[in-house]
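Starting from the given sequences, assemble the full structure and let the hints guide the process.
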Amino acid sequence: MANDTKFRNRKFKAVGTRPPRPDGLDKVTGRAKYGADTFAPGQLVGLILRSPHAHAQIKRIDTSKAEKLRGVKAVITSRDLPDLTDGDSDLYDILENSMARGRALYDGHAVAAVAAIDAPTARKALKLISVTYKILPHVTDVDEAMKPDAPLVQPRVFTSGVSPKPKSPSNVAKVSEFGHGDVKAGFKAADFIVERSYKTEQTHQGYIEPHACLASVGPDGHGELWVTTQGHFIFRNTCAALLGMEVAKLKVTSSEIGGGFGGKTHIWMEPIALALSRKANRPVKVEMSRDEVFRSTGPTASTSIDIKIGAKKDGRITAATAVLRYQDGAFPGSWAMLGAMTSYACYDLKNVKTTGYDVLVNRPKVAAYRAPSAPMAAFAVESAVDELATEIGMDPIDFRIKNAAKEGTQSSYGPTYGPIGIGPTLAAAKKHPHMRARLKKNQGRGMACGFWFNFGGETCTDLNIGNDGTVTLTVGTIDVGGARASLSLIAAEELGIPYERVKCNITDTGSLGHNDMTDGSRGTFSSGMSTIFAARKAIEILRQRAADTWAIPIKDVTWEDGQAIAKGKKHKKLKPLSLNELAAASPNSGGPIAGHSQIVADGAGVSFASHICDIEVDPDTSATKVVRYTVIQDAGKAVHPDYVEGQFQGAAAQGIGWALNEEYVYDENGRLQNPGFLDYRVPVCSDLPFIDTQILEIPNPNHPYGIRGVGETSIVPPLAAIGNALSNVAGVRMTHTPMSPPRIRKAIRGKQT
Amino acid sequence: MSGTLVSTVVNGDQTEFVCQPNETLLEVLRNRLGLTGSKEGCGTGDCGACSVTLDGRLVCSCLVLGVEAQDREVNTVEGLADGDVLHPLQSNFIDHAALQCGICTPGFLMASQALLERNPSPTDEEIRFALAGNLCRCTGYDKIVRAVKAAAKELRKK
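Top to bottom, those sequences are chains A and B.
The first sequence maps to residues 1 to 753 in our numbering.
The second sequence maps to residues 1 to 158 in our numbering.
To be clear, the hints were calculated from the coordinates, so they are not data collected in a lab.
Treat each hint with caution, since some may be false.
Restraint ranges, calculated between C-beta atoms of paired labels, are given here [as the list claims (entries may be wrong)]:
{"#": "1", "chain 1": "A", "residue 1": "398", "chain 2": "B", "residue 2": "57", "range": "41 to 47 Å"}
{"#": "2", "chain 1": "A", "residue 1": "620", "chain 2": "B", "residue 2": "44", "range": "30 to 36 Å"}
{"#": "3", "chain 1": "A", "residue 1": "678", "chain 2": "B", "residue 2": "157", "range": "49 to 55 Å"}
Counterexamples of contact, computed for chain B against chain A with all Cβ distances above 12 Å [said to hold, decoys possible]:
{"#": "4", "residue": "12"}
{"#": "5", "residue": "56"}
{"#": "6", "residue": "131"}
{"#": "7", "residue": "155"}
Quick look at which bits of chain B chain A covers, simulated, 3 or more residues with Cβ under 8 Å [to be verified]:
{"#": "8", "region": "40–54"}
{"#": "9", "region": "60–70"}
Ideal Cβ placement from N, Cα and C applies to all residues, glycine included.
In structure tokens form, the structure reads like this:
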């Protein structure tokens, strides 16, 4: 029974309340320690030399002058990171991305690194390293990279997903196809067809905390790494493999994380820090600058997408296709595949076909960014859906409701849905007062939907009960924004004790079994499930202790509201034993009371959102302002509603920035022109309105509490919601993000001529 | 280069440190004084994560040199609480869930304090413009603005 995952519709006491988070005080007083906030005795400063070229052969690296500089303790190049990947191409990509091996593949690619006694010495040493480059032709645009004469980014990459296997290498790393039915027949049956192409520019997760770590490796093969990460167990496994270390001998401790959004699921400079430390035999701290963060970590893909959707006069979609080209940066990924899977996930379609092309270009290795790949596909699909509804003469919400997926629908990417929230979020949007509010002059309204899978995965949790009855909950999934509070609520709920009696710690890799990343909105879903199971095992022990105390069989003992109760009339004289009493007696009744859980959390529930947006456009300058915004999303179960709302609002804000402002700008030499927050402008406080939220709770049948995961879905709809609002106010169909004032102006002028 | 001896007041305490002439106040606070509450998010004055006050004026400590602290008063997030009593901004940030990852929180608290000292009854728009120099990537600012409003109300009652 302990590992029963079925949703049983229990009445919650703790779950669903809004207590203060346990790590709040540390975070408002400056005590919380992030990636750059720790120091080791004798630590050195590590700095990285990066390629100024988009694509270049590294003919020679001369580090001799740097090595001779007083205060320099280690200089490394790729020679200090020998290839131990044994044919594992994903691992090799991580190795090559962490430091160039013969060729620099993008502006910002690491080529060498130094460790010195202080930052001025390290900076001086970097200048003394001489690199001789031979500049090679480069390509940064996804459509250009697919042309037959485009410069080849990775000669070792042959297109996968096609048969027969190609004979020559290609920038197209992978082709992915999804769908069912007969789209040709479907389009033939259509009364209306919309066909359009879209482009989205590259954006960055924009976490405020740059990557930082403190590495310490000794000549005995033992090491420690303190790092800001979304998954320290995976960092341990990967770094150990790259450095040739034994997994158990590398202890990785996750710092507090200053934002990740997917960007801190990937390894960047951590192998460099470890290699520097090993060579210097001293602790080495590496902190990236913002320029390095933009140039060499984490952006999402830029895309080029073709959409075709056909429908009958009555509004029923008859066929839909999408061709999606996503750039992966200089290393293969599966970003177009995710775009092809998610594009039509909101709809119940008889005939659908999507094709994704993962394309290599000379840009940084693309990383996950909150519901990775879904926002771009949704921008294209939800814009076309809106246009089609308008052509048919139907209200865009009614059109979506008519075509929405429901329980039993075969999704466009394969599986058949269980109970899902797309219909309910659309119905809630239709009823929402926002939909009926009056618009002022120069304002328009748009709406759009979004989908994300949500993940589960490997999870390991300990729950220990102290002699005073307080509970230590030890988890291995990073807290990116309130998870300690949510998991403490879940432990309190299951044990029937006050929230304040639980302390949740995120532990290091030396203290718990493997945990996958906090990604795919899995933190509260997976560690929540694992916490429930650990608590149930502790309850078994508590019941046994009570049974032993009373000298009755354990089957006569139940656990309710934090106490053991002897069931039945024959035991009515036995007074309940509280968790506190049983804990106090534990030293003499069998020792420590604990529960442990090690699971693969399966059954993550898909999640849907519908957003409504009002936008105002200045008729003279085409400057835009979001004046009202509403997020409606299915949470399954909101464990701590404050932090669920926070996820909805934060995701919407990132989507708004993506829609209106944010983009990577490369020059003709393939150099990033805006690697800073001044020129890469994320939304600031005065750009945004209050973001209204409505939480729907359609329980996930595969989680004991009905939890789905909430972190990602709401970054998916904003691009199209804003595009559709712009279309309604300016009478132009925007097909290229960011929809910045110059692009809007151009579109309006194009319409006038 | 040889270091300069600087005598200053940090969070009310007389403090001395030696720093290089090109070292920023942020580097001094973090690396020499152990005050890591102020964060470096950009190093170019664009994100506000390093916000502190210098003689009561809000500054980005990454754009101020350590030597400029001579004979001045520096206040950081570590000095915001009054002993074990949190500043109303701090308690309201917790109560309103105005932080998720928390990396920008010290800067927002310092910027909000500077605002409320200047303007105890700010409108929503005044709050949004006063905090426009501080980037938060987690919250969409909604709960931050609400927390600042609540703290302003509490402070006005005092």
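Hint check results:
For the hinted restraint 41 to 47 Å between residue 398 (chain A) and residue 57 (chain B), the CB-CB distance of approximately 56 Å leaves it violated. The supplied range of 30 to 36 Å is met by residue 620 (chain A) and residue 44 (chain B), whose beta-carbon atoms lie about 31 Å from each other. Here the CB-CB span from residue 678 (chain A) to residue 157 (chain B) is close to 39 Å, at odds with the stated 49 to 55 Å. Here residue 12 (chain B) stays apart from chain A, with its beta-carbon at least about 15 Å from theirs, past the 12 Å limit.
Consistency note on residue 56 (chain B): stated as away from chain A, and its beta-carbon is indeed over 12 Å from all of that chain's, at 19 Å minimum. Look at residue 131 (chain B): its CB is around 4 Å from the nearest CB on chain A, not clear of 12 Å, so calling it non-interface is violated. Every Cβ of chain A is farther than 12 Å from the Cβ of residue 155 (chain B); the closest lies at roughly 16 Å, confirming the non-interface assignment. Given as covered by chain A, the region 40–54 of chain B passes the check, having 8 residues with a CB less than 8 Å from a CB of that chain where 3 are the minimum.
A count of 0 residues in the region 60–70 of chain B with a Cβ less than 8 Å from any Cβ of chain A is obtained; the coverage claim is therefore unmet, three being the minimum.
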